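Protein chains in written order, with my numbering: chain A, 1 to 363; chain B, 364 to 423.
If you're looking for bench data, these hints aren't it; they were derived computationally from the structure.
Values in this document were obtained by computation on a predicted structure and should not be read as measured data.
For every residue, glycine included, the Cβ atom is placed at its ideal position computed from N, Cα and C.
Among the hints, a few may not be true.
[Unchecked claim] Have a look at the derived ranges for each label pair, beta carbon to beta carbon:
1) K370(B) with D88(A): 26 to 32 Å
2) E384(B) with F82(A): 34 to 40 Å
3) E76(A) with E369(B): 28 to 34 Å
4) E369(B) with L150(A): 31 to 37 Å
5) K388(B) with D272(A): 43 to 49 Å
6) E369(B) with I21(A): 58 to 64 Å
[To be verified] One side of the interface only, derived from the structure: several residues of chain B facing chain A at Cβ under 8 Å:
7) E369
8) C383
9) L386
10) D390
11) I396
12) A399
13) K403
14) C407
15) G409
16) I416
17) F417
18) G418
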Amino acid sequence: MFSMGDDTNPLMMLIWILPIILFVFYGQQIQLLVTSGEIKKGIKKLNGFRVNSKKELIDYVKKNIDSTVDPTQKIEQFLDYFTIMPVDMDPNGIVEKVRHTVRSREDYTRNHVKSLSPKLNEIELSRIQTLLEIASSLQMIHKIVNHMFLTAKKQKNYPLILPVQMILPFLMEHAKAMDAAIPAFKTGQPLGDGIGPMVVGKMMLDVEKEIISFQTVLAKIDYKGRKLFLLKAEGPASTVGRPDDALQKIVHDNKIDAVIMIDAALKMEGEDSASVARGFGAAIGGIGTEKFQIEHIATQNNIPIFSIVIKQSVKEAITLMTKEIADQADNVRSQVYEMILENTLEGQSVVIIGVGNTSGVPQ
Amino acid sequence: MIFSKEKTTLAYTIEKCLKCEKLHKRDFSEGDILFAISSKCTFCDGITNIEKIFGEILER
Chain A
1 MFSMGDDTNP LMMLIWILPI ILFVFYGQQI QLLVTSGEIK KGIKKLNGFR VNSKKELIDY
61 VKKNIDSTVD PTQKIEQFLD YFTIMPVDMD PNGIVEKVRH TVRSREDYTR NHVKSLSPKL
121 NEIELSRIQT LLEIASSLQM IHKIVNHMFL TAKKQKNYPL ILPVQMILPF LMEHAKAMDA
181 AIPAFKTGQP LGDGIGPMVV GKMMLDVEKE IISFQTVLAK IDYKGRKLFL LKAEGPASTV
241 GRPDDALQKI VHDNKIDAVI MIDAALKMEG EDSASVARGF GAAIGGIGTE KFQIEHIATQ
301 NNIPIFSIVI KQSVKEAITL MTKEIADQAD NVRSQVYEMI LENTLEGQSV VIIGVGNTSG
361 VPQ
Chain B
364 MIFSKEKTTL AYTIEKCLKC EKLHKRDFSE GDILFAISSK CTFCDGITNI EKIFGEILER
């Protein structure tokens with residue numbers, strides 16, 4: 001009856017049928033259990049990044065401010081600050097609203113960081129502000145992922161956990177990059193994103209400079225009969241400046257024939273890091289308001305925008321500049337000069353914008 | 364991971380002599396910023412400025 005060679009052996013049938021029944025009725029719960037384990041590990045890591053960034057920020061502030069008052073409580077308040085984006089049911093004028101909201105937040109943070117110690121210089125202030133942004137972003141990522149995970153578990157809803165599972169590797173990549181960026185910001189080292197300011201900063205050396213817009217520097221030079229307006233954020237503070245406002249002022253007072261933007265760009269998988277590519281259109285990241293403004297100015301005044309990008313990963317862009325990226329600076333500079341000669345005539349004017357965070361990169 | 368190597372990023376500063384144009388690589392020290400005048404050239408009596416600051420990954 002229980003012979004091993006028999007295909008109709010009831011014990012063997014039971015062994016086969018039981019798991020099938022189990023998977024039919026409890027498949028989702030089993031998948032939920034397996035996926036939960038992976039997500040839990042991710043959340044644990046995110047929590048580690050959150051705690052570490054907060055600790056690093058508090059330590060840095062305590063070390064650099066001239067105050068006897070413990071800043072911990074105030075910093076914790078800053079970390080929980082949120083930004084409510086404007087309603088976009090009617091998209092008319094949305095860019096202005098977003099710009100206003102984002103700039104108000106920046107101004108608020110700057111003023112409140114300043115209130116920790118009025119003697120804080122601009123460079124320290126910008127570093128604290130950046131560290132605060134990192135800590136605040138890591139706190140937000142942890143909070144959102146944890147919320148999505150706990151909701152899926154509470155509802156015992158497997159499909160609800162799928163988006164978390166799909167998005168988690170990308171969030172982890174960003175979170176790891178932000179965690180790795182902390183030492184570079186604390187010590188004021190140049191970042192991968194600083195390649196644009198590095199190229200333009202060197203072109204500005206030994207030339208008279210002026211502040212044209214908030215945390216943005218302008219220098220004017222002549223090159224083979226062309227007038228060059230060089231723009232970058234004011235280094236070596238950790239800032240990206242306001243190149244859109246600066247371009248607006250330059251175009252208002254001068255006839256500009258071309259704009260060349262130099263920026264770091266996210267490389268695609270399989271692309272070589274630090275490879276240089278030329279293109280057309282505004283090369284600038286961020287929330288999009290600056291890009292919009294630059295494109296608007298260019299369109300209104302019929303100015304072509306050329307761009308040179310230096311490819312890199314998310315981590316490379318916000319951590320200490322790699323040797324490969326730093327080695328491209330001279331090559332990019334010569335490509336800028338080449339681009340000027342190819343696209344403009346003698347007597348014309350060109351705006352060159354070094355886009356990116358200028359931490360550790362003066363001019 | 365059991366078999367993955369520990370990665371450490373080491374920061375370096377490259378100084379370039381304004382006179383003899385020779386390059387000198389040293390460890391990054393806090394306060395170093397690009398294009399700043401750094402130290403005396405070890406090859407001639409010229410002054411060096413900081414040409415590059417970058418990180419290199421060391422696997423252990």
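For each hint, the structure was consulted:
no.	hint	in the structure
1	K370(B) with D88(A): 26 to 32 Å	violated (42 Å)
2	E384(B) with F82(A): 34 to 40 Å	violated (52 Å)
3	E76(A) with E369(B): 28 to 34 Å	holds (32 Å)
4	E369(B) with L150(A): 31 to 37 Å	holds (33 Å)
5	K388(B) with D272(A): 43 to 49 Å	violated (24 Å)
6	E369(B) with I21(A): 58 to 64 Å	violated (47 Å)
7	E369	violated (14 Å)
8	C383	violated (18 Å)
9	L386	violated (12 Å)
10	D390	violated (12 Å)
11	I396	holds (5 Å)
12	A399	holds (7 Å)
13	K403	violated (20 Å)
14	C407	violated (21 Å)
15	G409	violated (17 Å)
16	I416	holds (5 Å)
17	F417	holds (4 Å)
18	G418	holds (4 Å)
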